Amino acid sequence: MLVLLIARLTVLELLRRRLFLVLIGLTLIVVALTSWGIAQVTTVGGRPMTRVEQVTVVSQLLILVGFMFSFTLSFSAVFAGAPSLSGDLESGTALAILARPISRAEFVIGKWLGVIATILIYALPTTALQLFLVDRIVQYVPPHPFEFVGFMVIEGIVVLTLALALSTRLAGMVGGVVALILWGVAWIGGIVGGVGLVLNNATATHIGTATRLILPTDGMWRGAVWALEPATIIAAIRASGPAAAGNPFFASEPPDALYLAWTAAWIVAFLGLAIWSFQQREI
Amino acid sequence: MIDTPAIVTRDLAKRYGALQALAGLNMTIPRGAIFGFLGPNGAGKTTSVKLLLGLARPTSGSAEILGQPIGERASRRRVGYLPELFRYQPWLTAREVLLLHCELAGVDRAAWSREIEDALAVVGLQDRGSSRVGTFSKGMQQRLGLGVALLGDPELVLLDEPTSALDPVGRHDVREIIRGLRDRGVTVFLNSHLLSEVEQVCDRVAVVDRGKVIAEGTLDELLRSDTVRMRVSGLPRGAKDQLAPFGAIDEDGDWLVVRGVDADRVPDLVAHVVGLGGRVHAVEPRHETLEDRFLRLLSGD
Ligand SMILES: Nc1ncnc2c1ncn2[C@@H]1O[C@H](COP(=O)(O)OP(=O)(O)OP(=O)(O)O)[C@@H](O)[C@H]1O
Ligand SMILES: [Mg+2]
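Quick note, the sequences are listed as chains A and B, same order.
Residue 29 in the working numbering sits at position 29 of the first sequence, and the numbers go up by one each step.
Residue 35 in the working numbering sits at position 35 of the second sequence, and the numbers go up by one each step.
For reference, chain B alone in the conformation it holds in the complex (with noise of 0.2 Å):
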């Protein structure tokens, strides 16, 4: 059972009345993968994550998560899911609603007092764990959240725009709680639009737009490390134009960007630089950010 991926989609396709909000999502994610879904607003991110909890039906294709065919109730046995939409009984405390999720999931009675204690400390809440969630900002509130998501020590987290209610405290956290996912050997399904987030904790990651996924692979593939940033100063005049053959030129301020470069061709291209009477300063090479590619993959490059 441990070798079937965490999820696997076919062809998996979803129609509300003339739109289409998925087409065709093909992806496997294996076990204790990070997974980031992104793309713009509209894209399709939160459809795909409520087909794949059976919350939403497909119109056509299929898909299996932890190996039991979406839709079935055993394939949400060992799934945490913190909703986009985030919200929790307000007449409830907050130790309330971890309990009633625990029985959900179906955690052993035995173990219910620790889940509970555990997912407030995790998340922040054990001062406030009495508090009804009527009284809890929407902050506290995302965060109950995420904390409702990691009980019962599951398989498979879904976390939809798990920050996009919190300070930059609460954000470093969720960053800290999903590297201990990862630790541990949970898959993490990531939908978000902060970029530089997704960049620092996932592993694979996925972008879609208008219900296709675009682009698809580990960070490293999918992105280009092939820029050099240079700072020079005293490079006479009409000397970039001599430099065109490593890559094409930019400036920036006082730096020179070169983009295009292989790694093992740097070093000739400083001592090129030198050779024209340039003063070497500073030489980065640098990753394409994930927002560079992004924007990139959106404008239709």
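Same shape as in the complex, but just chain A (with noise of 0.2 Å):
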């Protein structure tokens, strides 16, 4: 299977060229710092924590620490997925692959499996390790662990295919820069949305859909924050009031199916784009 071959050559790419070995390095220290922060709230003004105010810190810590995964898998994803065509466009590398009897789609799809591998094997034992380290050192489990890692890969995978589909006709710097950009956008986007929901304006709400339809990376990560929520966490909230809504690190809902079915049709959309623009740029 030559797109299995392509992507086996991106993962050796990635892994030789040291940027997920620092990656891992460096979240690994995170991982260690936050995981020793976390011991040391046991006490609030001098008594010891109720274990309803320790669920409540930590959950919220786990939430920022998530913020952290999330953003640098984000930016990862963008630094592996912007140069990986058009670095090889450029520095000449793809005229003998692309010279073989092998596909245009054949060489796009390995790439970007090639990257999400790499995605995954830099988020799931960072996170596994963390949620563990958290659970051994207060005894808390996060109420949805799994749907949080799904839903920050699947942000991971929709930030990667758009680098994709730019790298095809940019080059890796700018097509890096108009992804983190967009990214940002959406985040934003995301929080427009909700204050226009608190605001009950209904100009900031389409903002927030559209940009949520447009980028569906927000979306996952709000998706992430819930699976990290305590249902304890999302019933207080909610009675405060509407004004929770504006918060990026809140969430009271998961994506609903229809969104999900949105998000994967994005996906396939977005890889279709970077297979169609690629077979039609000249090497």
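Hints listed in this document are in silico derivations from the structure and should not be mistaken for laboratory results.
All values derive from a computational prediction rather than experimental measurement.
Virtual Cβ for every residue (Gly too), placed ideally from N, Cα, C.
Mixed in with the good hints there might be a few duds.
[Stated by the list, open to error] Which chain B residues face chain A? A few, computed with CB under 8 Å, are given here: (1) 50; (2) 73; (3) 87; (4) 296.
Starting from the two chains in their separate frames, assemble the complex, guided by the hints.
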């Protein structure tokens, strides 16, 4: 299978180029620090914390750590995806490969799978370790750990697919910057949409909805947040009124099935776009 | 299948915006030929190779390689290619690059290690097989590219300026490699501006200029062999004019150069010179070099 051959080659490239070793190293340091920090939050105002207080604090800390994961995952997906096709075209390594009996589609899909595999190699052990350590230290497991990892990985795949599609036409730097700006815009769009809900402002709500549809990264991030929130906290924040909708670190509900289907269709469509665009390219 | 030509092109043309990179290429290259594709910078040589390999798309016209329409995967099944811009994954070792191409070319798994070691030996990299390509000199990278092009028993090998980065020993090696390919019946398509090199290995050549083939044929057909050089002394002044009926006369130091002489009139020419009182020290029939011909073609003669 030539697709798997290209995927293997891509993983090897990312591992040998040390991006992911550096990333894993830094992430392990962060995991160690947060675990140590979480071990310290045992008292409040000089008295031992109640279990409810501890769960509240730890779960909110975990959401911040989750954001760090979501951030590094998205960034590394962009750094790996944006130069993957354009770099091979610029350097000339694509010439010898594409002159072989391989189709352009196989090449693009192979690259895509390779970066996804690398994302998983990075995300699965580090998040598992983080959740495991938190469980050992304060006996707390977030309510939906698998969904948390799943939503984050999907967010990474979305932004990777965008970067790869841009990579068929733009130089690595340019495509990477564009992808990151769009990722940031989607994050802000999510906040704007939330604010729209709070203020009952239709325009802001529509902006939020539009960005959620155009680039479903923030939608997936909200899913990851939801997966980390204990039911008690969701209930408490809901009870405090609609203002929480504007908070990018809060989600009262997971993305619904329709939105997940949209996200899947979005990924397929952009991967198709990347293949089509690459097929038109002259090498 | 084997009786289809190695390469057939029909009015193959490529336009980049307003620039006509290739203007209707028509050629048929038989199996087993060593074909030299010559032309000045920007003539369209690399463009032709890229079109044949489906790396670029023709604006019009069509072509087949090894009996398959270009652009289709099947057409690239038994083809080796050394790009003009030869770059291989710097994070892989030479062996790993060759292994990658064994897989891409669909070489039998059982043959991989033999193919790889053979390729390394043929291009003289057997001692550097485990080094990262990123540490290779330019010439070593081109040697590796040549090894890649030879993998998997190809029926057609396209070499785009295969010696551009090589030292004289490397150039000699490449000529030997090409002769080896000829002995195995492999068709070779060689892009080059090193005319002496082409002259030594190719049996057919085409000259392109500004996207058009301006001459094509075997070297014998293309190159004149009607020039004679003689080293003569003691020829009286004015005697040279009497040689005019044999051809155009020129002087080159001690040498008398006569162009346009039929081969069977050379003894008559020598007798005539002697008859005029000249002492003949040497007679050399001289083939026109490819370079002469090339320059003549490009100057619009
Ligand atoms: N990607 C491209 N975009 C625009 N023009 C191109 C492109 N590739 C080639 N050309 C043009 O097509 C013409 C033929 O180029 P090509 O590379 O085929 O020349 P060549 O015969 O290989 O020259 P050289 O001996 O310098 O390698 C040139 O005028 C070149 O500028
Ligand atoms: Mg060229």
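Hints and how they fare:
A cut of 8 Å between beta carbons decides the hint on residue 50(B): the least distance to chain A is about 7 Å, and the hint holds. Among the interface hints, the one on residue 73(B) holds; its C-beta lies about 5 Å from the nearest C-beta in chain A, closer than the 8 Å criterion. At a threshold of 8 Å, the smallest CB-CB gap from residue 87(B) to chain A is about 4 Å, leaving the interface hint in force. Below 8 Å, beta-carbon pairs count as interface contacts, and residue 296(B) has none with chain A, the closest being about 34 Å; its hint is therefore violated.
Checked against the numbered hints above, the structure breaks only hint 4 and satisfies the rest.
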